[in-house]
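K.L.:
Here are the chains, one letter per residue:
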Amino acid sequence: MNDAEAIIDISGITKRFGSFTALDDVSLRVEVGQKVVVLGPSGSGKSTLLRTINRLETIDSGTIIVDGHDLYDPGEDINKIRMEVGMVFQSFNLFRHKTVLENLTLAPVKLKKIPVSQARQQAMQLLEKVGIGDKAASYPIQLSGGQQQRVAIARALAMNPKIMLFDEPTSALDPEMIGEVLDVMVTLAREGMTMVVVTHEMGFAREVADVVVFMDEGRIVEMADPDTFFSAPVHDRTAQFLDQIL
Amino acid sequence: MDEGKSSSREVVEIGDGAAIPDPGDPGLFSAWWISFIGTILLLVGLPLTTPDPYLRIVRFLPDGILITFEVTCASISLAMVIGLITGLGRISRNRFFNLAASTYVEVIRGIPLLVQLFYIYFALGRFVRVPDLVAAVIAMAICYGAYMGEVFRAGISSIDFGQTEASLSLGFNHRQTMAYVILPQAWRTILPPVGNEFIALLKDTSLVSILAVSDILRRGREYAAESFNYFETYTYIALIYLIITLILSKLLSIMEYRLSYYERR
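Residue numbers (the working numbering), protein chains in the order written: chain A, 1 to 246; chain B, 1001 to 1265.
Just so you know, the hints here were simulated from the structure itself, not pulled from any lab data. All of these numbers come straight from a predicted model, not from anything done at the bench. Just to be clear, a hint being listed does not mean it is correct.
[Claimed, not checked] From chain B, some residues computed to sit far from chain A (all C-beta separations above 12 Å):
| # | residue |
| --- | --- |
| 1 | W1033 |
| 2 | R1056 |
| 3 | I1159 |
| 4 | A1166 |
| 5 | L1168 |
| 6 | L1259 |
[Claimed, not checked] Sample of chain B residues at the chain A side, in silico, Cβ under 10 Å:
| # | residue |
| --- | --- |
| 7 | S1158 |
| 8 | G1162 |
| 9 | S1169 |
| 10 | L1170 |
| 11 | L1191 |
| 12 | E1232 |
| 13 | T1235 |
| 14 | K1250 |
Every residue gets a Cβ at the ideal spot worked out from N, C-alpha and C, and that includes glycine.
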């Protein structure tokens, strides 16, 4: 595993909120094109771990290297690194005052200085890809949750990132809308995107993951390919969790 | 803070200006119409039926109305700049900036406007020679800037932090996030209280009449002093203030409706 190129290299990170240790000496390597699915009970630190990868959450110790850039090197421009790392949130967080199309074009136009007409064209292609080309002129509040999350994925993709982070992307959705979002994520995975996904969707983990990571109490308890993980978990805590959730 | 207040975090309510007519509230709506029509009738009817002294008052006051508007517009513009800086300071993580902004708000809010007007006017006069009108505008702006700062602070904090995170995750820095994502949304939350401040400020400009600024009230006093028609003059002045604030509050409600386009399904 060490031979392949790691696009995300997290080593020995610790994060505390007051006296609570959210991440306790966590290390994780993600190779280019790999899909890593992070599972675990709530409060296990999985979202915190994900959010450290684009420094939305800062760490107390350890190092994180993303695409060759040390996130805590004062010489690095965190905003440049973030442009390479797309993120999808549980609560979508679409810009409420912008139309769907403007949500997609804002960052490319302002940050990458792409001409508006070109950005719009790319945005429309992305919207078609996630199946909501007809909603380009709508405002986020006019869309269903599933549609909003698909726009949010398209918005992140509009920056042409090398990595996509998903923070419980389907947890805020009504059950009938989960499928449409997962479909988009599966397509993205098949196209070779490097993905780190925090989720409770076991079906998705089985189908898409190269590596399944199980976290509990701020530590990575188990890390394995999905077949091994779901059929023959090594640790009791993992087995217990799978019993509860499956 | 009681629970009713803390739960409605998105609504910034500064209860000093006129009640804004809301089409969904029939009671207030008709109250606005009654006041509006009544005021118009009196403003037109009095000079027509009693030209002496009302017609002469009408001829005497327009200069003052212009000055009142000038002072109001200049003060509110300056106050909004000060308010934006103060509001950003109040939420800033920079200790010095934060403390400076908070102290400013604290000090200003503890001193009556009239005292501030006198103080700034004479303090300014001590060091620089500025026209009375400019001194009045600076004094009003410094005072209202503090209140405006609170409005901006509340408006900015009312925007869900997820908006900031989404913006940062795309690669925007904090300044760009504020400019492209937070302020455009906060503006909608801020507009009603800013409008209220504008109307309140317009009314408070009557205080500058003591600083040798010839606003509506001072013009009225000048007229009354030479004609001894105190009652008639102040009646007419009250009506003029009333019609202006009624019209402004109506405009505000229209503007507010237009600005909420992205919240309508």
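K.L.:
Does each hint hold? Answer for all of them.
P.N.:
Taking the hints in turn, this is what the structure says about them:
no., hint, verdict
1, W1033, "32 Å, holds"
2, R1056, "51 Å, holds"
3, I1159, "9 Å, violated"
4, A1166, "4 Å, violated"
5, L1168, "7 Å, violated"
6, L1259, "9 Å, violated"
7, S1158, "12 Å, violated"
8, G1162, "4 Å, holds"
9, S1169, "4 Å, holds"
10, L1170, "4 Å, holds"
11, L1191, "13 Å, violated"
12, E1232, "50 Å, violated"
13, T1235, "45 Å, violated"
14, K1250, "25 Å, violated"
In this structure, the earlier hints numbered 3, 4, 5, 6, 7, 11, 12, 13 and 14 are contradicted, and the remaining ones agree with it.
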